[in-house]
Structures are given as C-alpha cells and as structure tokens.
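Student: Full structure from sequences and hints, please.
So the chains spell out like this:
Number of protein chains: 2
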Amino acid sequence: MGKGETTRQAILDHAFELARRVGLHGLTIGRLASDLDLSKSGLFAHFNSKEALQVQVLDAAAERFIDVVVRPALAAPRGEPRLRALFDRSLKWEGGQESPGGCIFMQAAFELDDQDGPARDRLVRLQRDWLDTIATVVSGAVTEGQFKPDTDPGQFAYDFQSVVLGYHHAARLLRDRRAEERARVAFDSLVAAARAEPSTRSSGARRPVAVTGVQSTTAKSSRRN
Amino acid sequence: MGKGETTRQAILDHAFELARRVGLHGLTIGRLASDLDLSKSGLFAHFNSKEALQVQVLDAAAERFIDVVVRPALAAPRGEPRLRALFDRSLKWEGGQESPGGCIFMQAAFELDDQDGPARDRLVRLQRDWLDTIATVVSGAVTEGQFKPDTDPGQFAYDFQSVVLGYHHAARLLRDRRAEERARVAFDSLVAAARAEPSTRSSGARRPVAVTGVQSTTAKSSRRN
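First to last, the sequence lines map onto chains Y and R.
So for the first sequence, numbering that gives the first Met the number 0 puts the first residue at 0; every next one is plus one.
So for the second sequence, numbering that gives the first Met the number 0 puts the first residue at 0; every next one is plus one.
Hints should not be assumed to be uniformly reliable.
Identical chains share a label here; the pair holds if one copy fits it or two copies do between them.
[What the hints assert, rightly or not] Cut-off 25 Å, straight-line C-alpha distance, at most; resulting in silico cross-link-like pairs (SDA-like, lysine to any residue):
| no. | residue 1 | residue 2 |
| --- | --- | --- |
| 1 | Lys39 | Ala72 |
| 2 | Lys2 | Val21 |
| 3 | Lys91 | Gln114 |
| 4 | Lys91 | Asp115 |
| 5 | Lys2 | Ala32 |
| 6 | Lys147 | Arg177 |
| 7 | Lys49 | Leu173 |
| 8 | Lys147 | Asp120 |
| 9 | Lys49 | Leu35 |
| 10 | Lys91 | Asp113 |
None of these hints come from the bench; they were simulated from the model.
Tutor: In structure tokens:
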C-alpha cells in the first residue's frame, strides 16, 4: 500500500470505531480531523463529504464482517454446520456486553431507517446481501437433505436475523446474562423445526420453541398425547 | 389540567414526535424552544435538564404504549387470545413503513445501550416491564392449559421481542413488503411450538418454523416419515 492508502485505511479504522460508539451521525470530518490531528482539508481530499465517508465506513465494516463472520463460516461443511457457524460468528461479531459500541450495522439500521441518502442505500444493500447469504446457506441444507424440501430460505433468513437482533438488544441494552443462551435456544428451535424428519431425528425436529433450555442436538422429545 | 400541566403535556407530545424522528440525542432544550417558540428558561422550568427531559419523554411514550398496546390487549380473553392481541398491537405500534420515526423504544435502545445515565436506566426498566408483561400473559396460557406446562415464559418473551425487532428492521430499514407476513409466520410458529398437544391440535403444534407461508391456525400438518 502507498502512503495515501495507508493513511486512508488508518482514518477508516478510526472512523469505524467512532461510528460504533457515537453512531454515523457523530462521524463528522471535523471530529475525525481533531481526533487524528489531521487537517480538515486533508480529510476532504480523502473523502469529499460526510456522506461519502459514511458509505466508506459501511463498506469497510462489511469487509471486516466478511473476513470475521462470512468467509470462515463458509469454510464449514455445507448445510447445517455452515449455518451454525454463520450463527455462532454472528453472535461473536455483535460482541455482546463487552464490545464497545456493538454492531455498527444495527446501530446504523435504527439511525438511518428514516434518512434517505447514499449511506442508507448502501446499508440496505449490505443487509440484503447478508440475508441472501443466510438464505443460500439454508438452501444448501435443503440440497443436502438435512432440511425439509419446503423450507422457505427467505423466512429462515428473516428469523435468523430477528434472533441476532434480539440477542443484541438483550445483551447490550438489558445486559441480560442469559442473552446468549436464549439466542441459542431460539436458533436451535429454528433449525429443529426446519430439519428433515427421518425417524432418528424426529425428537429434535419436534422440540418446542419456547420450552426447554437445552441444546436441540441433545434434547429428548417430550411428546405427549 | 392547569395551564402549566397543559403546556408541559404539549411540550412532551412534541418532544416525543421529535425523538422518534431524530433520536433522543437530538432532543435538546434549545431545539424544543425554537420549535415551540418558547423561551429556554421556560423550558428549563419544566424539565431542569436534557436528561430529565429524556426520562419524561420515555415515560410519556410508555404511558402511550400502555394505552395503545397493553391495556386493550389485556381486555382479550386470557391465554393465547390475549398473547395474540399483544403481538398484533405491538406490530401496529411500530407503525411499519408509514409511521414517521418508528418505535421510540427501539431507536432509544440502540442509541443508549452504551450511554449510562438516567435515560438508559429508565429505558431498561420500561423494557423489563414489557418483557414481564409478555411473560405473564404466556404464563396465563399455561394456566389455561393452552400451552405446555414446561413452557418457559422468559424465553417466549425474549423470542416475541426478537420477532418484533426483526419486523421493525425489515419494515423500516429494508422496506420489505413481506415484513408483516414474515413476522406473523414467526409468531405463529412460536405459539404452535408452545401449544399443548391434544390430538385435535397436534398438526398446529408441529408446524415447522421456516417452512410454510400460511397461518398456523389454518395450517395442515405436512408430516412425513
């Protein structure tokens, strides 16, 4: 990397951390210039406008998300193991209580939902790509015969995302110590309900959503009637 | 109401709408004074500080939420009908795409999660009250024999809240036209999995989460094996 690119990357790294803490609206050229002891004109040379800076911070966050969550998960065997890897890594990306600022995408989602413009457009595209990634992995589980043929990958992706949002809310706002456990129960229930049902698997496939506190892979059926 | 109380209420109504649009951080005494053509000193007489104003806006929002969502839902018959009324009204409260600003509690959740202080404390208390309300209604469905005795009301409340968060995200950020349909499928799956299983109900109780696009109340089982 040339010096210009190194500087640009350092600015983006700082902007990313700042946006996680204060939101994209707090990400001004003036604030960055002051934090990094750079001239405003120098920053404008790199980013042109606050909007362009926001878009580039979202892109940088997406690259990081792909490196930390998507690419390693896609290395897992196709189907349910890959889906589970994607979920595990999504929870870690959120960072739970310890991570300062939490997930930039969720923060930006609630910040930008009413604010039309390039940053919102980019965020929507990134979120759609993410939902498509989940749906594709779900389709893989269908192709592998692990999930029922009539599994709706779009619905599964929606449900997956809801569980991650719920985790974020419980872990970060409510500081609920059981947030991760609850999120895993919810995810296991989604998987269990989608699973194809050969007789050896039926106990897991019928495990009720809101009932047990154990992993579906070890749960015994509690059928009655 | 005396004149002072009427003024205070009018200020809070405006502050509530403003906070939904710009977030609690945008809710400054100066901005309110300018919007309402009141003196800053007059506003300080009502609210003392920005923090006190934020807390009172959250309280006013909670009162409204109780009027619009909780109280009417509690008028429905105990158990599943009451739970369903609570869910229906939660979706309406969000307002979906049309509502300017969306849900103040969700916006505040992602805004305040890292910002210790009185507004965050109040929001956490309100959210815990809300989760307790859901859990109590779920317990009612257990007492009525509609839900399985080992249903975990805390997990159900967590899952309910995740579905509402997912709906908010899909409807408002992604402007997904299927957001409400997807949220209803997800909710119906939670209910179906929690239901007690007399033989007349078993088809609903085993309806898979991510598979069908129809309401569980009318869904036929597609068991195979």
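Student: Against which earlier hints does the structure fall short, listed by number upward?
Tutor: Numbers 1, 2, 8 - these are the hints that the structure violates, sorted from lowest upward.
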